[in-house]
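Sequence lines, in order, name chains A, B and C.
Numbering of the first sequence is given in our numbering, commencing with residue 1 and proceeding in unit increments.
Numbering of the second sequence is given in our numbering, commencing with residue 150 and proceeding in unit increments.
Numbering of the third sequence is given in our numbering, commencing with residue 315 and proceeding in unit increments.
Derived from the structure by calculation, the hints contain no laboratory data.
Some hints could be false.
Using 30 Å as the maximum straight-line C-alpha spacing, the simulated DSS-like pairs for lysine-lysine come out as follows [to be verified]:
1) A:K81 with A:K40
2) B:K192 with A:K40
3) B:K266 with C:K414
4) A:K31 with A:K97
5) C:K330 with B:K214
6) A:K31 with B:K164
7) B:K214 with A:K31
8) B:K214 with C:K337
9) B:K164 with C:K469
10) C:K426 with B:K192
11) B:K189 with C:K455
12) A:K77 with B:K261
13) B:K164 with B:K176
14) B:K202 with C:K414
15) C:K337 with B:K176
16) A:K77 with B:K192
17) B:K202 with C:K426
18) B:K176 with C:K378
Owing to the predicted nature of the structure, the values given are computational and were not obtained by experimental measurement.
Single-letter residue listing:
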Amino acid sequence: MKTAKKYSLLLLLTIWSSTTLMGQSDLEIRKVFEEYGNRKGVVMVELKGKMLDDYDFTAFKSIVISNQPEAGDFIRKCLTKDEAGAKKVKQVVSSGKATSIILQLAPKEDTNRLILFNESSGNPPKITLIYIESDENADDVLKLVLKKK
Amino acid sequence: MNKNKYYMKLYIPKKISISEADRLIEKYYDGLTTVEEEQKLHKFLIQRNLPDKYRAEQAMFGYLKADKKKSKILLPTYLQRVAVVAIIFTTAFTIQTLVAGQNTAYAIIDGKKITNKADIENIAMNSLREITSTNNEVEEGLNAINNTKIVEQQLEVFNSMDDLK
Amino acid sequence: MSQERFKAEVLPIREKLFHLAQKYLEDEQDAEDAVQEVLLKLWHTRESLSNYDNVAAFATTVTKNHCLDRLKTKNRTEPLDDSYNIRAGTDNPYLQLERKNSEELVRKIIEKLPDLQQAIIRMKDMEEYEIEEIAEITGTKVEAVRVNLSRARKKVRDEYLKWTN
């Protein structure tokens, strides 16, 4: 019984350490959520596991930032780092700045990852950043996300 | 704009469509569905915001499928004990992983954490409406949504972009 | 008692049990239903059946008692409580409570089903036996089980819709 206890404890610790938002810890955009997540005028949502049963996503994290125009630049900066090795699926440029970006990141252990960014025009601009993980085929996920009404 | 299309807005291959569900429901009442088909139906029926016409099936599946008793498996006593121990360990792991965030749903507004799921959905809806008010293409469609899920709405912003070529 | 032993020891006396049931219940269909119910009862307690020296004698006793119970409850009609007249609206803020109530209503409806239909719907929908398995255990044809299952499910649906309108 003692050995069983030791092993189960070890297993528990392993599981614990691996359950921080997986796949995002190496990304620059992590800083966006950390930096802006708790600020005024910001709405952040995170969904993982059971809540996403209807979507075949395994993780969904989004942040909507208002009244912080510099956030757009900050996110763009993060994305220039994260887009290394990634496929830029879509980009919309307005007045020299990318106002919409969709990145398909290199898959991590069979998990596909997407980053979606949008900065709406208007004063002040509203900035949306979404991170998605999915076990589904990347093209399928993209098709779903980009499906025209 | 067709309001109903939002029920199938994110058609994900694994999930069945409304027409497929209707077909399976008819089969179910004829006593012809397989266990697998009933599982697909169950998955369909646990969605929120389904039309009222499914209320009987939702209730039936909710009761029948929740109260499962696998009485046909009879294990010898020593295996039963092993099974109990295995269940305890699995439960412990599950609790730990839940605590560590495997199943997560929360929102943070102005630094305040919200955990009520219904509130989270409302919050996401409102914030999304703010964003897309400048984007006419999406706004019209959004007004048709009453209680669409968070993910669909957040992704609405990106649906206004051109087709992937 | 194992599945094979059950089939070998209990099923052969089915006809004898049927004739006995017919003596009590007179109606052929009622007797047929009763025998199926008895066989399902015996199936669910097959683990302890090995304790009996004479399984056939035990099965006979069970059949007799089952028939007597049937006769007792034959004329008792308990209408469902009016408090089940609930609206299961999807935008109801007490959705969780509503769902519990819906399932409670389904449970009550199932309990009011004829014994055989009740047994079959439980075995199929809750315990996930295949129709063929149920047919084997009750010594009936697959089609007969399917018909009973279909009737049971439709009855539950109809009652539920009636009570939640």
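So, going through the hints one by one against the coordinates:
Straight-line distance between C-alpha atoms of A:K81 and A:K40 comes to about 27 Å, which keeps the hinted pair within the 30 Å bound. Taking the CA atoms of B:K192 and A:K40, the gap is near 38 Å; set against the 30 Å cutoff, the hint is violated. Restraint check for B:K266 and C:K414: satisfied, since their Cα atoms lie roughly 18 Å apart, inside the 30 Å limit. For a cut-off of 30 Å, the pair hint linking A:K31 to A:K97 stands: about 21 Å separates their Cα positions.
About 36 Å separates the Cα atoms of C:K330 and B:K214, which puts this hinted pair outside 30 Å; it is violated. Proposed proximity of A:K31 and B:K164 is contradicted: the alpha carbons are some 34 Å apart, above 30 Å. A threshold of 30 Å between alpha carbons decides the hint, and for B:K214 with A:K31 the separation of about 43 Å lies outside it, so the pair is violated. Restraint check for B:K214 and C:K337: not satisfied, since their Cα atoms lie roughly 38 Å apart, outside the 30 Å limit.
Between B:K164 and C:K469 the CA atoms are separated by roughly 28 Å; this keeps the pair inside 30 Å, and the hint holds. At most 30 Å may separate the alpha-carbon atoms for a hinted pair to count; C:K426 and B:K192 meet this at roughly 27 Å. Using a Cα cut-off of 30 Å, the hinted pair B:K189 and C:K455 holds, with the two alpha carbons roughly 27 Å apart. Between the alpha carbons of A:K77 and B:K261 the distance comes to roughly 27 Å, so the proposed pair stays at or under 30 Å and holds.
For the suggested pair B:K164 and B:K176, the alpha carbons sit about 18 Å apart, so the restraint of at most 30 Å is met. Restraint check for B:K202 and C:K414: satisfied, since their Cα atoms lie roughly 18 Å apart, inside the 30 Å limit. At most 30 Å may separate the alpha-carbon atoms for a hinted pair to count; C:K337 and B:K176 exceed this at roughly 37 Å. Taking the CA atoms of A:K77 and B:K192, the gap is about 41 Å. The hint is violated against a cut of 30 Å.
The hinted pair formed by B:K202 and C:K426 meets the criterion: a straight-line CA distance of about 23 Å does not exceed 30 Å. Taken as a hint, the B:K176 and C:K378 pair is broken in the structure, with Cα atoms around 37 Å apart against an allowance of 30 Å.
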